[in-house]
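Trainee: What follows is the residue order along each chain.
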Amino acid sequence: MKKNIRNFCIIAHIDHGKSTLADRMLQLTGTISERDMRNQALDNMELEQERGITIKSHAVTMNYTAADGEEYILNLIDTPGHVDFTYEVSRSIAACEGAVLVVDASQGIEAQTLSNLYLAMEQDLEIIPVINKIDLPAAQPENVAHQVIDLLGCDDSDVVFTSAKTGEGVNELLEKIISLIPHPKGDSDKPLQALIFDSMYDQFRGVIAYIRIVNGAINTKDKIKMFNQDSVFDVEEIGILKMERVKKERLLTGEVGYLITGTKNVSDIKVGDTVTLSKDTAVKPLPGYQDIKPMVYSGVFPVDTEDYDSLKDSLEKLKLNDSSLTYTPESSTALGFGFRVGYLGLLHMEIIHERLEREYNMSVINTFPNVTYHIYLSGGEMETINNPKELDMGRNIEKIEEPFIKAQIITLTEHIGAVMKLSLERRGVYVSTDYLDETRVVLKYTFPLSEVIFDFFDRLKSVSRGYASFDYEISGYEATQMVRLDILLNGEKVDALAAIIHKDKAYHYGEKICKKLKDIIPRQMFDCAIQAAIGSRVIARTTVKALRKDVLAKCYGGDISRKRKLLEKQKKGKKKMKQIGSIELPQEAFLALLKVDE
Amino acid sequence: MQNFGCLFFSKVIIFVSSMKFSHIYIHFPFCLSKCPYCDFYSVSGLNKDAFSDYISRLISEIGLYRGMTSNKVKSLYFGGGTPSLLTSEEIEKIMQMFSFDEDAEITVEVNPATADEDKLKAFFKTGINRISLGVQSFINRDLRVLGRKHSAEDVYRTFRILRSAGYDNISIDLMIAVPGQTPASIIYNAMETALLDPEHVSVYILTYYEETLFYKMLESGRIAKTDDDVECEYFDLMSEILCRKGYHRYEVSNFSKSGMNSQHNLNVWNFGNYLGFGPSAYSCKSGIRKKNPDELVEYLRNIDEGRIHNFRPSGENSAETKKDFIMLGMRKTEGVDVREYKKTFGTSIYDDYGGKIKELILKGLITADDRFLKVRENRMNILNSILCEII
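Protein sequence lines, in the order shown, are assigned to chains E and V. Counted from 1, the first sequence has number 442 at position 442 by the numbering used here; the numbering is strictly sequential. Counted from 1, the second sequence has number 651 at position 53 by the numbering used here; the numbering is strictly sequential.
Bear in mind the hints are in silico, worked out from the structure with no lab data behind them. Please note: incorrect hints may appear among the correct ones.
[Unchecked claim] Taking lysine-lysine and the DSS-like style, the derived pairs with C-alpha atoms no more than 30 Å apart in a straight line are:
#1 565(E) with 691(V)
#2 554(E) with 823(V)
#3 406(E) with 421(E)
[As the list claims (entries may be wrong)] Only part of the chain E face toward chain V is listed, based on derived beta-carbon distances under 8 Å:
#4 277
#5 539
#6 550
#7 551
#8 571
This structure is a prediction, so every number in the text was calculated from the model and none was measured. Yeah, the Cβ is synthetic: ideal placement off N, Cα and C, and Gly gets one too.
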């Protein structure tokens, strides 16, 4: 059986057509009917469809009768394409024997494609290069194919040219997948070892694990256990993933499918864990995943303090679908009880924020994101902090270290100047320039991570007219001159608005943030002084003047209902504000720090 | 004894609900033309026949409520639209539907463009004793901007006629923050008003109500709204001059000579009962508000079917009613009558809202004693923010 199974993923940069290609495969293999076809069928989260990116990996099983007349099972494991989600990519890669590398025929290779490709090559996956969007007028399939061939050291004939949009070349690709990607190895006689490569939470069925059977087999009603857990579970249901879940009695070596044990406890099913049988137990787990380290932290607080428990609940459920999410309880004098949440990057943060609001109906306030700092005290001890308010500048601090990254930026030669200028603003240190071809270069830089976690990517896109791409890896910690900057409203420190920032940037930043807050804080019944301070030294100040006019001119018999509605609306708006001393602060104020450059 | 309060309270309610209406509003929804800032229900360009048909239906509507109106009506108010388009005969017919208290205040809104001497004199003979004159401005340029069909000269002429006809209670409506106005316009309008020496003045900051032409023009950038702060300065300027000339501000937008407050409108702010006739007119009894249909056709159908308002308490709970009481009472410069509140609801306003009230007193926004809870006069311009804190 397993010799007719092919497990593969698709690696691509955002917008290079991965989802459309997946859709075309689903159609060609009859997995999805024409009638049910909607664009990008695999991206079933509302947010994904809106943003046109795949956030969360999914899996789907397709049946395909190849040119050799044999029927094959193709398991496509979808991967996200953004820099924040490298971790999810590596998980998907671990469940596959091959990867389809999709490159846009008009765009060429991007930084992110490179790093995902390296991940796949490290795992010894068979790579099938695909030049997509050959139907576009701006397509340069030959040029791009050359870049790819240079990179992979492969043969001309290995490259497949497709247009996912028209379907051209997709059949050829399916044939290549069958002929080039090896069938799963693994021993069906060995005790069960299945890798949990993903999971999701279903409110009726509990936790649903996505598994890849590496050795042995799993049957309904088997008693199983997880290596990371002592408890024994019953297999309530197993099956494969078509457009819907399809129930099966058993899953065999090499197969990809789902597992439901009925547990509703999120922590029972850990992504990266190995499933085995409770009696005929495998000796050791499969190599799991490295525990992912969050790069960016921010405070997440419920707008209504009474929603703390439901926020906790929602985060727990989100973590089921997203094992890279970490959080610990945090309390703020300004915002009450909430969580310090760790993310893979800024996009990840935005997505978590939006998912909390859309899928869990939570109204949350997200505070200024920051990285983890190492604080060395004069006594020699080191503390790690990921929250500005933990940085006490009054203590004897020997030095503060912050994380640095090695970054590669791919851009057109004509934008090198602009990219370099931006990099300098972000405390970037130039390393090298490599030419991909006459028009495209790879610029290597080191940056403090804190300088790129917010809006760097957006800025990079805008200075390069959308062409530049960016990827990075953490290179280590280095000492820099960081200070804590506080924001005070009418003399009162707002802990949730504090930031850790480089000394040389503090004045400029302080001024900008005061100005920004002035625009955002609505006029209130009293004057509101906004100050930025380092320690007790005020470095910037503005004032929001007291409200002069807020009254309805006419209120006669016929106006009362309207007046009441108006007041209710005003009160509703007020409810969304955070009361800090005598000042009402709109939620945008906390986001303003993110957008200080706009 | 412990139950006494409760018993007393329920008696009050029964007493209130069996009380007859002694404040009446009559809406006349026709105008010569629609003013671009007005969002009252009105129809323009109709003929005399339509008016008289409307009057006969209005009279049948009043007839439906015959048993519910007091035989000592204290105020009757003809609002619009432009009720000065009515003839004195029509006014008389409507007034015959009621019997009045000897001190009753009977007001008609008059547009200076519609009133001739004979008509205003005839109005006076029917018993109309108060005129609300829609002046808006004494500057012709402002009047053109506002789309008014009268000139400043019409205002002076009409005012003279009113005085010679015998009216001793005249109110003038003024609009401030009309696009193009300057501080000089405000001073001029205040001084001209003072020279005419009416008994009452209403000063409205121009409001851009949704669905008005002005609102659309504002949205599309064809007119510029005066800045909020400047509007406030204009209002304060106007208010200061009027006060120096002997007027007293007794409500957010209303000024009067001693003892000349609008009885009809005070009743609304005092949470009194009133009955409204005509399309889109509101009625209110014990805090329960009812509205007639906006559309003329639907309104007329309701009358034909003999439908009348049912003031039995339904969705409105007492907490909401209390909020209305405060919202309206705070508009008066004397403030919310604390004893009236207790008489109406059986609980003390300080028991119901004590915490919030204390905070606002400490912030210097309101003052309170055992008689009145009121907004400090220099804070009246942010009444909505203050109300939001309380209710």
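Trainee: Next step is simple, just say for each hint if it's right about the structure.
Mentor: Verification of the supplied hints:
1. With a CA separation close to 37 Å, the supplied pair residue 565(E) and residue 691(V) exceeds the 30 Å bound.
2. Our distance criterion of 30 Å between C-alpha atoms is met by residue 554(E) and residue 823(V), whose separation comes to about 18 Å.
3. This hinted pair checks out: residue 406(E) and residue 421(E) have alpha carbons roughly 17 Å apart, not beyond 30 Å.
4. A least Cβ separation of about 62 Å between residue 277(E) and chain V goes past the 8 Å threshold, and the interface hint is therefore violated.
5. For residue 539(E), the interface hint is violated, since its Cβ never comes within 8 Å of a Cβ in chain V; the closest pair sits about 29 Å apart.
6. Residue-level restraint check for residue 550(E) holds (minimum Cβ-Cβ distance to chain V is 4 Å; threshold 8 Å).
7. With 8 Å as the threshold, the beta carbon of residue 551(E) comes within range of chain V, its nearest partner Cβ sitting at about 4 Å, so the hint holds.
8. Annotation: interface hint on residue 571(E) holds; nearest CB of chain V at approximately 5 Å, less than 8 Å.
Of the numbered hints given earlier, the model fails hints 1, 4 and 5; all others are met.
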